[in-house]
Amino acid sequence: MKSAVVVFPGSNRERDMLYALAHITGVKPIAVWHTETTLPDVDLVVLPGGFSYGDYLRTGAIAARANIMADVARKAKAGTRVLGVCNGFQILCEAGLLPGVLMRNAQLKFVCREVLLEVANAKTAFTSKYQEGQIWRCPVAHGDGNYFASPEDLARLEGEGQVALRYAPGHNPNGSLNDIAGIINTHGNVFGMMPHPENMIEPLNGATDGRALFESVLEAVA
Amino acid sequence: MIRNDVTITPELVAEHGLKPDEYQRILDLIGREPTLTELGIFSAMWNEHCSYKSSKKWLRTLPTTGERVICGPGENAGVVDIGDGQAIIFKMESHNHPSYIEPHQGAATGVGGILRDVFTMGARPIAALNALRFGEPGHPRTRHIVSGVVAGVGGYGNSFGVPTVGGEVNFDPSYNGNCLVNAFAAGLADTDKIFYSQAKGVGLPIVYLGSKTGRDGIHGATMASAEFDHDTEEKRPTVQIGDPFSEKLLLEACLELMASGAVIAIQDMGAAGLTCSAVEMGAKGDLGVELDLDKVPCREDGMTAYEMMLSESQERMLMVLDPTREKDAEAIFTKWGLDFAVIGFTTDDLRFRVKRHGEVMADLPIKELGDQAPEYDRPWIATAKPQALAIANVPAPEDIAATLVEMLALPDMCSRRWVWEQYDNLIQGNTAIGPGGDAAVIRIGNGPKALAFTLDVTPRYCQADPVEGGKQAVAECWRNLTAVGAEPLAITDNLNFGNPEKPEIMGQFVGCIQGIGEACRALDFPVVSGNVSLYNETNGKGILPTPAIGAVGLLPDVTARATIAFKAEGEAIMLIGETKGHLGQSIYLRDILGRREEGSPPPVDLATERRNGDFIRQEIRVGNVTAVHDLSDGGLFVALAEMAMAGRIGATIGVSEALPAHAWGFGEDQARYLVTLPEAQLGHFLARAGQAGVPARFLGLTGGEQLTLGKASPISLERLRMAHEGWLPAYMAQAHEV
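Here the protein sequences line up with chains U and X, keeping their order. Numbering-wise (the working numbering), the first sequence opens with residue 1 and increments by one. Numbering-wise (the working numbering), the second sequence opens with residue 1001 and increments by one.
The hints are simulated quantities; they were obtained by calculation from the structure and are not laboratory data. Just so it is clear, the structure is predicted and the values come from calculations on it, not from any experiment. All residues carry an ideal CB built from backbone N, CA and C; glycine is no exception. Treat each hint with caution, since some may be false.
[To be verified] Covered by chain U, according to a simulated footprint, are these stretches of chain X (three or more residues, beta-carbon under 8 Å):
| # | stretch |
| --- | --- |
| 1 | 1159-1170 |
| 2 | 1239-1252 |
| 3 | 1419-1428 |
[As the list claims (entries may be wrong)] Within a straight-line C-alpha distance of at most 20 Å, the following computed EDC-like cross-link-like pairs (lysine to aspartate or glutamate) qualify:
| # | chain 1 | residue 1 | chain 2 | residue 2 |
| --- | --- | --- | --- | --- |
| 4 | X | 1200 | X | 1348 |
| 5 | U | 109 | X | 1725 |
| 6 | U | 109 | X | 1421 |
| 7 | X | 1449 | X | 1487 |
| 8 | X | 1449 | U | 202 |
| 9 | X | 1367 | X | 1348 |
| 10 | X | 1200 | X | 1368 |
| 11 | X | 1580 | X | 1657 |
| 12 | X | 1385 | X | 1504 |
| 13 | X | 1335 | U | 202 |
| 14 | X | 1200 | X | 1290 |
Produce the complete structure using the sequences and hints provided.
Structure representation (structure tokens):
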């Protein structure tokens, strides 16, 4: 699987993501600088975590208007898989590629801890290697992960099975509506999540539960 | 002749923190009255923070060399060889005064400053830690300061992208008016790509990089060299504002530029900003420096030479570049959206010359600015040796179990989860042991090697006996590293004390240095970098002597590491080291009995430390032990409870017949560890310990969901956890004082 990781000024988990993709797919991913206008021909585009543009204005708001994002939108429309993690999820929402918005955590503090996630839809290209209802371990590290959407959007997300990942009961770290941790677009190719599967891929991390997410995409594009 | 617009009055000299004899020294040195800009430059270079004028004499007594030491104190950070062509570069630095005035920005820029020290030398930061000391919980400002400092530390490190993996948090009334924020950072570099501040070559461009210069932080270093009083609030404008986003860009741009081969010398602008960085680069290289301030990128209009030379605006660097590579360098900085300007050049006349609007505003001898700073041999009085406290004079609690629960919920003993959950401790994906253990462990690249990091000092020990306290701080760091399986390599010291002009305070400083030096020599644990913070006093009252030690160790194989958590039921629990029941200066005495400042601290026998530690490290490396925890504050029972809580497995142990339970369980004797191992291995383990001459005693077995200490009533793990985890969040949730 060929993949690209978009790097914005202030991205800081791009190295973690590049490492995870190389480690799991066996193919070195391509790092793409935000000023580029065209993405390379890849199967998966990843927007990594971090503090693009220092989180100034709103998280993800400035990065969503970067040069490269026009091509990200084009590729997304054409069916290329796009994964946004943490700041990447925020950017996808700001760019209108996913519904809703990520607000300041309910407790108004940055939170870094391991949580349990529940697979709410195992039929997506990003979760197929998990079982429906499976509980898995994954760390979160964010200050703005409180997912919010209008009642109409929320009803549609829930109705169409677009909520792919939830925080397990008692594990919601940020106040997200319906314990939403990860959502997918209606076409099933753009996926955003706040937790960091790229930091849960080898024994050193304490568990390898995040691998299945990347392996799902690997299988989907095969 | 330089035009002098401002008459230098004694008041003006005093406002710059210079003593009359120091001003006389300036007059003697330059043979004329200085300009205001020159006076500002002198005040920046000669204040305590930058010149180490009270501490230098004593710092020179510390051991700073060793087989692995590539660069000791004097550069931006210390450099230690870790093999395979790599080095670990690290330092700890205080940001105490700014953090008290403006907790969030003060702490944030403290973190920013130490990260910059590390990447200035060519290292990519891989770990940050911080030692935080706050006033007593009941003081009206404490909660506000805790909240701001923790948010500031986290806000900067999280955005910059370095895992913050450990440190210390303590509360004591002596910090009521003067909190301590000591920030540590470590980075990895290749040994053949380390960058230094020494300028080389005449007529080479001096380049300014990073954020623009503003009026923030003017006189920050001078403020940090003075005591606080009731007017402290008015000093808020001297606190710098941090921007981790700019720092992250600066990191990437600097590392890219260094890789390109264009950098000859580099120095970050920290305390005393442009002044200190330019003087240091020139003086170290035996070169003069001429700066044209009109070229400096400014955030505000109309800044004077004086303001520009003293600004402590953050995220700025100064470099000497290879002139043939100037275009490449500029391209890299433009890519990262950072300011880049040639603002001067090196000369051969050993003068530090500064021009503004075509006019010379300062023209000073560059070597003398740094080297001829005043140096004091301040009078000192050794702290009187405290009387040892007999166990018989320390009453036992009615209920050992209830006392243990109470101890685990003390402000100084409870879980710091509330703090470290606000720090990204996982970023970079190499965190093998995060916060909450004896030391943090970070894998190097893809492994198998790893580095261990810890910060430690016990200020109440240092107050009672500075020499023993200094030794203990080093020994505990050494023990912390050992307890995860690391070979201790070297330390950085962050020496926080009161007013050195008071002989008693100076005596504390001298004593602590003596103890630190002794321990470092005995343990082959050199000091490679450090920082001194004096005048930590408010309204004439000093803090507890707090020589915080930051230490680094090396693990050959990250998979052979130990953690504190019990791993399985039915394992043997072993106590390593000798227990005499030392209760002087213990947590039990201070916080349970309310008897502060009583008795002598536990003595540190460095040969015993070494013998016991070397044994434990070997046992970890060959995989003989399943969990390891070093014993410190609160003693054996607290360590046992921490291991049980971390592993969610209980334990049942027998207690000593020779000592009263409270002395045995809460005594703070040094050089001790708790370890677990499969019960079947017990005989072999005891035999090996016996061969090594290491006292080892079988205590009992892991298992169940409660902790049973001899005949005391069993305590459920849930009750321990509630007590331990509960205090800090509950305290911070209380309404802020208005």
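Verification of the supplied hints:
Check result for the stretch 1159-1170 of chain X against chain U: holds, 3 residues qualifying (beta carbon to beta carbon below 8 Å, three or more required). Interface restraint, the stretch 1239-1252 of chain X with chain U: holds (6 residues with C-beta to C-beta distance below 8 Å; minimum three). A stretch counts as covered by a chain when three or more of its residues have a beta carbon under 8 Å from one of that chain; for the stretch 1419-1428 of chain X and chain U the count is 9, and the coverage holds. Straight-line distance between C-alpha atoms of residue 1200/X and residue 1348/X comes to about 11 Å, which keeps the hinted pair within the 20 Å bound.
Distance restraint check for residue 109/U and residue 1725/X: the Cα-Cα separation of roughly 18 Å lies within the 20 Å cut-off, and the hinted pair is therefore satisfied. Annotation: proposed proximity of residue 109/U to residue 1421/X holds, straight-line Cα distance about 9 Å (limit 20 Å). With a CA separation close to 12 Å, the supplied pair residue 1449/X and residue 1487/X stays within the 20 Å bound. A threshold of 20 Å between alpha carbons decides the hint, and for residue 1449/X with residue 202/U the separation of about 16 Å falls inside it, so the pair holds.
The hinted pair formed by residue 1367/X and residue 1348/X meets the criterion: a straight-line CA distance of about 12 Å does not exceed 20 Å. For the proposed pair residue 1200/X and residue 1368/X, the alpha carbon gap of about 19 Å is at most 20 Å, so the pair holds. Proposed proximity of residue 1580/X and residue 1657/X is supported: the alpha carbons are some 12 Å apart, at most 20 Å. With a C-alpha separation of about 13 Å, the suggested pairing of residue 1385/X with residue 1504/X holds against the 20 Å cut-off.
The suggested pairing of residue 1335/X with residue 202/U is violated, with an alpha-carbon distance near 34 Å, which exceeds 20 Å. Simply put, residue 1200/X and residue 1290/X have alpha-carbon atoms about 14 Å apart, close enough for the 20 Å limit, and the pair holds.
The structure fails to meet hint 13 from the earlier list, while all remaining hints are met.
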